[in-house]
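K.L.:
Chains as they are written, first to last, in numbering that gives the first Met the number 0: chain A, 0 to 401; chain B, 0 to 401; chain C, 0 to 401; chain D, 0 to 401.
Don't read these hints as lab results, they were simulated from the structure. Bear in mind the structure is a predicted one, so any value in this text is a computation, not a measurement. One should not assume that every hint holds.
Which copy is meant is left open, so a pair is good if it fits within one copy or across any two.
[What the hints assert, rightly or not] Listed next, the in silico DSS-like pairs over lysine-lysine satisfying Cα-Cα at most 30 Å (straight line):
1. K109 x K239
2. K101 x K239
3. K276 x K379
4. K327 x K276
5. K246 x K347
6. K246 x K345
7. K343 x K2
8. K379 x K165
Number of protein chains: 4
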Amino acid sequence: MIKLDQHPAGRHFLQIPGPSPSPDRVLRAMSYPTIDHRGPEFAKLGFKVLSDIKKIFKTEQPVIIYPASGTGAWEAALVNTLSAGDHVIMFETGHFATLWKKLADNLGLKSEFLAMPDGQGWRNGVQPGMIEARLREDTEHKIKAVCVVHNETSTGVTSDILAVRKAIDAAKHPALLMVDTISGLACADYRHDEWGVDVSISGSQKGLMLPPGISFNAVSPKAVAASEHARLPKSYWGWKEIIDVNKTGYWPSTPNTNLLYALAECLDMLLEEGMDKVFARHNRLAEACRRAVRAWGLEIQCADTAVYSPVLTGIVMPEGIDADVVRKIIYERFDLSLGTGLGKVKGKMFRIGHLGDCNDLTLMATLAGCEMGMQLAGIKLAGSGLPAAMNYLCEYPGGLLA
Amino acid sequence: MIKLDQHPAGRHFLQIPGPSPSPDRVLRAMSYPTIDHRGPEFAKLGFKVLSDIKKIFKTEQPVIIYPASGTGAWEAALVNTLSAGDHVIMFETGHFATLWKKLADNLGLKSEFLAMPDGQGWRNGVQPGMIEARLREDTEHKIKAVCVVHNETSTGVTSDILAVRKAIDAAKHPALLMVDTISGLACADYRHDEWGVDVSISGSQKGLMLPPGISFNAVSPKAVAASEHARLPKSYWGWKEIIDVNKTGYWPSTPNTNLLYALAECLDMLLEEGMDKVFARHNRLAEACRRAVRAWGLEIQCADTAVYSPVLTGIVMPEGIDADVVRKIIYERFDLSLGTGLGKVKGKMFRIGHLGDCNDLTLMATLAGCEMGMQLAGIKLAGSGLPAAMNYLCEYPGGLLA
Amino acid sequence: MIKLDQHPAGRHFLQIPGPSPSPDRVLRAMSYPTIDHRGPEFAKLGFKVLSDIKKIFKTEQPVIIYPASGTGAWEAALVNTLSAGDHVIMFETGHFATLWKKLADNLGLKSEFLAMPDGQGWRNGVQPGMIEARLREDTEHKIKAVCVVHNETSTGVTSDILAVRKAIDAAKHPALLMVDTISGLACADYRHDEWGVDVSISGSQKGLMLPPGISFNAVSPKAVAASEHARLPKSYWGWKEIIDVNKTGYWPSTPNTNLLYALAECLDMLLEEGMDKVFARHNRLAEACRRAVRAWGLEIQCADTAVYSPVLTGIVMPEGIDADVVRKIIYERFDLSLGTGLGKVKGKMFRIGHLGDCNDLTLMATLAGCEMGMQLAGIKLAGSGLPAAMNYLCEYPGGLLA
Amino acid sequence: MIKLDQHPAGRHFLQIPGPSPSPDRVLRAMSYPTIDHRGPEFAKLGFKVLSDIKKIFKTEQPVIIYPASGTGAWEAALVNTLSAGDHVIMFETGHFATLWKKLADNLGLKSEFLAMPDGQGWRNGVQPGMIEARLREDTEHKIKAVCVVHNETSTGVTSDILAVRKAIDAAKHPALLMVDTISGLACADYRHDEWGVDVSISGSQKGLMLPPGISFNAVSPKAVAASEHARLPKSYWGWKEIIDVNKTGYWPSTPNTNLLYALAECLDMLLEEGMDKVFARHNRLAEACRRAVRAWGLEIQCADTAVYSPVLTGIVMPEGIDADVVRKIIYERFDLSLGTGLGKVKGKMFRIGHLGDCNDLTLMATLAGCEMGMQLAGIKLAGSGLPAAMNYLCEYPGGLLA
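Full structure from sequences and hints, please.
P.N.:
See below:
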């Protein structure tokens with residue numbers, strides 16, 4: 000094994016907004032010997048993960064599992080449903096919405112970015128009203144899809160997807176609704192069927208607590224119908240053959256067997272705990288984190304309290320402080336990885352992930368690392384953030400009492 | 000962990016032609032906690048695997064590592080270098096050549112299949128003469144690429160790639176040479192640069208002894224130049240951004256971190272052993288296997304002794320015997336997975352993989368399982384194949400003496 | 000990790016009569032993080048293993064689990080029940096009976112070895128008649144214990160323990176019956192209560208399929224009563240405190256937590272399979288092994304067909320052949336570990352273990368390695384042993400049909 | 000795997016004073032398949048651990064490795080060197096000194112407890128002056144051994160062993176010096192040879208960061224000489240045979256192979272870091288912990304600042320508070336295991352372990368858990384302890400700068 004960690008002792012704290020820490024059960028499950036992906040044992044595994052993953056997306060429709068990162072699943076959603084030159088609208092919520100838009104352009108789609116003025120999009124959620132207005136203008140229905148990010152990982156904002164659905168319906172527009180819930184799924188509530196999403200895109204390395212390497216498309220019948228006429232070239236990503244072969248418990252090409260072991264283990268863990276408890280757990284840690292940020296006298300990147308993310312919290316640095324210098328100090332001194340500011344907010348903020356296999360003390364350790372690092376970087380804090388977080392954690396029980 | 004194996008005791012023998020058995024070192028390396036793919040430790044890992052994988056392909060050029068299966072890497076090779084309607088020729092060597100052709104068609108390319116008559120393509124290697132002749136006809140150079148399979152996993156034939164290169168050169172044709180060495184790499188000698196290959200495609204789960212989930216494109220400067228003008232839509236697969244970002248030790252989108260741990264471990268193992276020894280080891284087991292087949296009085300799928308595969312051996316069943324019934328008996332009674340006959344040879348043959356983390360006794364166990372299963376299936380064998388294999392293994396030392 | 004294996008590729012075949020190969024499930028279970036051995040979670044583990052291990056010994060009485068090797072459990076049995084100078088009789092069945100006798104002498108006991116003439120003890124089981132006769136002579140009941148080995152690991156002989164019990168009863172003698180079933184337990188039937196054994200001694204690394212490091216004393220009420228008056232010094236091994244504290248799910252001193260994880264996993268595996276099936280599985284592989292030995296024209300160390308061991312088979316080398324030279328060839332060439340000849344039979348025989356996590360093909364691999372190694376060592380065999388073994392394995396189904 | 004952890008998510012914080020948290024590298028090393036403990040590969044492992052462990056004890060003399068817990072190594076030290084009725088003096092430093100004395104009595108030794116008045120022994124280290132005085136009285140040299148605990152795990156006191164050596168020398172007394180450094184070794188400096196220790200006893204699950212299951216006796220030539228005449232019965236623990244067989248890289252009985260893998264890995268880690276850095280790391284975390292305790296306005300169990308333990312800190316609860324109630328709250332709410340008060344201080348204090356694979360943030364998490372739990376238990380703290388600890392950690396760099 001290549002020696003990666005130069006820190007003298009102790010476990011690394013991986014508190015980026017994904018990959019999230021994986022439970023020991025999951026890491027060990029992943030290390031079982033690979034089996035024949037065409038043999039009888041494999042079908043048991045295939046049926047299990049294909050069935051259980053639906054419960055996470057809250058759908059009765061097929062969920063396609065790709066051996067690919069989330070970026071691949073973004074591409075899959077588009078190439079299955081659209082044709083060259085199709086017009087799609089996207090909403091600028093941050094870096095990942097921007098990357099997805101760029102990917103759409105790369106594929107030859109004509110994407111249009113709806114954005115709040117003055118960069119406010121990076122501090123707020125999707126604005127359904129703007130989408131509705133835009134769709135109403137599109138009387139010829141040239142817009143083929145509305146693409147939004149559920150939990151924007153670059154800012155810590157969780158948009159209201161049901162409101163987007165209602166906006167599309169209010170405009171009586173036939174556009175497909177595609178939602179990136181890569182970092183939202185299994186952290187924040189998500190309801191593919193009930194919210195009328197046509198394609199939900201997700202990945203393994205966030206709320207599902209797996210290492211990266213598999214990603215998902217949950218599809219609606221309308222999306223499947225669209226895929227039959229869509230003309231962007233597709234083969235690896237093609238839903239049809241995968242859905243057909245999945246009925247037998249197998250995949251048309253070689254699946255990521257060992258990550259499927261890990262997925263099976265993780266699905267067991269989440270479903271045993273119950274999704275409502277999973278969401279409550281994330282919300283609780285997120286609120287404790289925000290209390291610390293406020294006690295430090297710092298600003299939270301998300302400016303709208305209604306759409307705070309349960310997955311991560313972005314912390315805005317005071318003027319003159321390079322967030323990446325702070326992160327470097329924290330990494331070197333305290334063996335803690337935090338998320339960098341991405342795109343437009345590079346250097347201006349950093350991100351704390353509080354998703355996946357975390358608990359109260361993981362969060363307290365993280366906050367302590369942040370506080371010490373910020374002090375070493377010369378930031379004047381209004382006060383220690385730890386008591387504020389601790390008071391909240393004490394007041395609202397987690398742990399065995401949760 | 001979902002319980003997959005219903006066999007009462009002992010280790011499963013995974014002797015399909017990939018996924019191959021993974022060494023314990025590799026499985027444990029893969030189970031280390033995931034690290035930040037944007038952090039300083041990751042770059043050490045990134046540089047290591049990006050550098051060492053070149054030694055396996057024998058290239059000085061970039062090797063792109065995808066979080067995807069081999070099928071994805073097939074697609075990547077095509078979408079990076081070609082445009083809709085481009086004419087490519089492929090050579091029918093078996094099921095995987097056929098699948099690759101189908102994938103090219105799915106992407107909107109105009110593929111042409113060169114094939115030996117009477118299904119002989121499934122028992123022989125690529126015929127460079129046929130390629131040369133076809134290219135000579137193409138005086139307008141409409142053919143943009145020649146795509147061949149190095150080791151055809153469905154039949155057990157390892158074609159002579161240098162001869163294909165020479166054929167293209169003899170025809171003075173500018174077509175790109177693309178080679179699928181998914182199952183050949185790290186089992187049979189392969190020389191990306193020396194043989195003038197433009198895109199070499201490979202995967203993790205064969206000679207590299209990893210679980211499935213990552214795949215590769217090794218590229219030539221000519222291929223990279225072609226990618227700048229190719230117009231098939233591409234984003235996830237796009238070489239340019241990956242090559243650029245790889246210079247820093249990172250990837251533009253989330254890499255398959257835990258499989259990269261495994262890759263690093265495996266590269267160490269292969270390079271410590273030395274590639275020539277790795278190839279000799281595979282050849283030795285393959286020859287021992289063939290000796291058993293001959294002693295059984297059965298036919299080897301590969302009809303040309305010059306292109307026997309070191310990776311796998313296809314065994315043709317006598318008339319009236321369903322190869323999959325034999326495989327089922329062997330699986331249920333002896334906990335041994337063998338490769339099924341694919342496509343045109345379904346039911347007519349089965350395949351023994353002798354690649355990856357195998358040794359003399361793994362092969363003997365496999366041959367014993369085959370022999371017992373064939374007897375239980377009512378096949379009249381000319382004799383036991385085991386003594387023939389054992390005599391060869393004794394005569395040509397492996398093990399610590401190798 | 001220190002690199003131990005110099006063999007170029009493939010899995011080592013560990014076919015010594017213990018440590019036996021451990022299932023992957025067990026190895027991974029053992030690698031979970033250690034927990035607090037005084038905390039609430041630990042008691043769940045403690046109760047589980049203390050309860051389930053009784054089912055393996057077939058006893059309702061306490062089973063003491065020591066963090067120690069089997070040798071420690073030998074010592075524990077003696078120091079708990081006896082006093083300095085106490086007279087015990089043991090029966091010479093081979094090397095381990097001899098070592099146990101030596102250990103008794105080291106502790107200051109007066110041990111007497113009953114032995115068949117002409118070294119026949121090393122080729123036969125315990126002779127109950129000899130024990131009965133000796134006990135009848137002891138009219139003053141100076142003999143405090145009869146100590147016998149259930150499965151003699153050095154020779155491959157499984158003695159009839161019930162017959163020994165009957166011999167003691169027939170002699171109306173109050174001596175304690177102590178039985179070493181270190182390698183017998185969970186391979187051959189064993190009934191602590193029904194057979195009236197006072198102390199049964201076992202270890203982890205044989206039929207229980209764990210790595211070495213824990214060992215056992217199953218005790219009878221009579222043995223416990225004896226322990227209250229026994230005057231050999233004892234503290235670490237003392238049953239009383241352990242039995243008392245075990246009632247709470249804990250141990251008085253620090254237990255071997257991670258091996259207890261492995262034990263819990265292994266107990267699940269054995270009890271799910273069912274002990275009768277476990278025994279049948281061992282018997283079947285043992286008979287297949289013996290058929291090969293006979294086909295080679297070689298002698299089995301155990302001369303009495305009624306007491307063949309299901310655990311291992313000793314193979315006597317022809318005159319002039321050093322068994323350890325043969326073993327060395329097999330190890331170096333074929334990555335297979337076999338048991339050496341111990342004590343009086345050093346160099347004259349070697350031992351094949353067919354216990355633990357083995358199956359038909361593991362055995363066939365092992366027999367192939369032996370056959371090739373013997374041929375390379377110049378032994379003239381009567382014929383290949385493999386067909387004889389295969390015919391038996393085919394005739395009597397194992398695998399999923401078992 | 001039996002499901003032990005009922006906490007909903009996140010990693011358990013194991014901050015008891017041993018077993019300490021094991022590094023991932025060590026846990027994975029332990030899970031490699033067991034090898035033949037009589038084969039050639041094993042000797043490489045044996046030589047390595049036998050050689051490297053000497054560097055940890057700072058001795059040129061043999062170190063015996065037992066497959067046993069630390070309690071077994073206590074017994075081994077005594078039975079190898081003493082005879083029934085021998086007079087030994089021990090020093091009451093806390094619970095473990097008391098347990099060792101009880102063990103000596105169980106073995107038939109005549110132990111005498113030197114103790115400070117008024118229970119002060121439980122808050123201070125060994126008093127060399129008292130030992131010297133007692134030895135001077137013993138003009139007939141009836142006292143055969145002086146037994147002291149280096150780091151008393153029940154109180155958090157690290158005694159000055161060199162001062163004990165000097166006391167014995169000053170008294171010109173031939174008694175052996177035996178030192179329990181079970182929890183001290185590899186946390187606090189320890190010098191078997193330089194300090195003239197005759198038998199040093201240690202275990203795996205503290206500073207060596209392994210799971211429990213192996214323990215040690217480092218011996219002096221004088222101790223070895225004593226063992227030749229000592230008449231306490233011994234066999235399993237007997238040094239002589241082990242030392243002899245160790246010269247070949249093997250053990251006379253079955254060693255704990257998988258824990259030896261872990262030991263090899265751990266020794267690599269410690270020796271790569273350098274023992275002085277290891278000690279500095281422990282001291283730094285200990286001081287940060289004590290600063291938190293003082294800021295809480297609570298008393299540290301160790302009353303003598305000169306002998307504060309780098310391994311653990313005992314925290315005295317205010318009158319009327321049951322420390323175990325506090326611990327239960329902390330365990331249930333915050334998934335953190337702390338050490339209970341043992342023996343005379345049961346319910347009056349709890350212990351924080353800061354040894355093994357820990358770092359700054361592990362400690363901060365632990366302190367946060369303690370602080371929250373104490374508040375929930377109704378303890379009035381003088382203030383938050385976290386800022387005090389953080390200030391210290393910031394002032395004195397650890398991490399990559401260490």
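K.L.:
Regarding K246 and K345, is the shortest C-alpha distance of 30 Å or less found within a copy, between copies, in both, or in neither?
P.N.:
between (45 Å within a copy, 21 Å between copies)
K.L.:
Have a look at K101 and K239 and pick one of within, between, both or neither, based on CA distance no larger than 30 Å.
P.N.:
Both, since 26 Å and 15 Å are each at most 30 Å.
K.L.:
Since the copies are identical, ignore which copy is meant and state whether K109 and K239 lie within 30 Å (CA to CA) inside a copy, between copies, both or neither.
P.N.:
both (25 Å within a copy, 22 Å between copies)
K.L.:
Could you figure out if K327 and K276 sit no more than 30 Å apart (CA to CA) within one copy, between two copies, both or neither?
P.N.:
between (34 Å within a copy, 23 Å between copies)
K.L.:
For K276 vs K379, is the C-alpha pair at or below 30 Å within one copy, between two copies, both, or neither?
P.N.:
Neither way: K276 and K379 sit 37 Å apart in one copy and 32 Å across, limit 30 Å.
K.L.:
Classify it for me, K379 with K165: is the Cα-Cα distance of at most 30 Å met within a copy, between copies, both or neither?
P.N.:
So K379 and K165 fail the 30 Å test inside a copy (45 Å) and across (53 Å) alike.
K.L.:
At most 30 Å between C-alpha atoms: does K343 with K2 qualify within a copy, between copies, both, or neither?
P.N.:
neither (34 Å within a copy, 45 Å between copies)
K.L.:
If the cutoff is 30 Å on CA atoms, where do K246 and K347 land: within, between, both or neither? Let me know, please.
P.N.:
between (48 Å within a copy, 26 Å between copies)
The structure shown violates the earlier hints numbered 3, 7, 8.
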